[in-house]
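Trainee: So you can see what is in the structure, the chains are spelled out below.
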Amino acid sequence: AQSVTQLDSQVPVFEEAPVELRCNYSSSVSVYLFWYVQYPNQGLQLLLKYLSGSTLVKGINGFEAEFNKSQTSFHLRKPSVHISDTAEYFCAVSDGRGSQGNLIFGKGTKLSVKP
Amino acid sequence: NAGVTQTPKFQVLKTGQSMTLQCAQDMNHNSMYWYRQDPGMGLRLIYYSASEGTTDKGEVPNGYNVSRLNKREFSLRLESAAPSQTSVYFCASTPSGVSYNEQFFGPGTRLTVL
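Which chain is which? The protein sequence lines are A and B, in order.
Under our numbering, the first residue of the first sequence is numbered 166, with each subsequent residue one higher.
Under our numbering, the first residue of the second sequence is numbered 458, with each subsequent residue one higher.
Any given hint could turn out to be false.
Covered stretches of chain B, going by a simulated chain A footprint (3 or more residues, C-beta under 8 Å) [unchecked claim]:
{"id": "1", "stretch": "488-502"}
{"id": "2", "stretch": "533-540"}
{"id": "3", "stretch": "554-560"}
No lab work stands behind these hints, which were simulated from the structure alone.
Just so it is clear, CB atoms sit at the ideal spot from N, CA and C, and this is done for glycine as well.
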């Protein structure tokens, strides 16, 4: 069964500093990976996804993630964060059963951006 | 397009009361899901429906029932609420005919059971 590990439960960072949120998944023959963001008191919205092709994926709000098959990782990065990036971020992997299946979510990383 | 909508947004129940959480999507998606979110636990799947007329248990189904009323609507029922069911509940949906299960989420229902 697929699993997802988000290595940091909380990441504090100062405004305009770079940030990396780490995500590792259990290996599979084919894998689709996602990052979702949840702003306070809101639902989850898709930040970016990796389906195939280029291992560097760009998303909304200046975020990007790199798919690394050998390390089974899909870390999320942003070169310069803003106060408005304060949110909880979830990494997810498809369980391989397509639209009949599910997403497996990590436990989330709370990003706190301080002025 | 409203996307995925959930009602109510907030609810307070007493132990033993029942209630139904409603979810609807207007994107013609086949698959729909119910999750609960608790601090430090991420999202845990309660039930899902891969298509109209089918439902399956997820990771934490005990204490819940679901109904896929039609393609648009998927409701979650708590027959006898318990304090352990205090949580934020999210509904989600996925388009049909795709291999990668990208999910679209509603805004959530915040439930407190006293």
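Trainee: None of the hints should be skipped; say for each whether it holds.
Mentor: Now for the hints, and whether the structure bears them out:
{"no.": "1", "hint": "488-502", "result": "holds (count 7)"}
{"no.": "2", "hint": "533-540", "result": "violated (count 0)"}
{"no.": "3", "hint": "554-560", "result": "holds (count 7)"}
Hint 2 alone, counting from the list given before, is not met by this structure.
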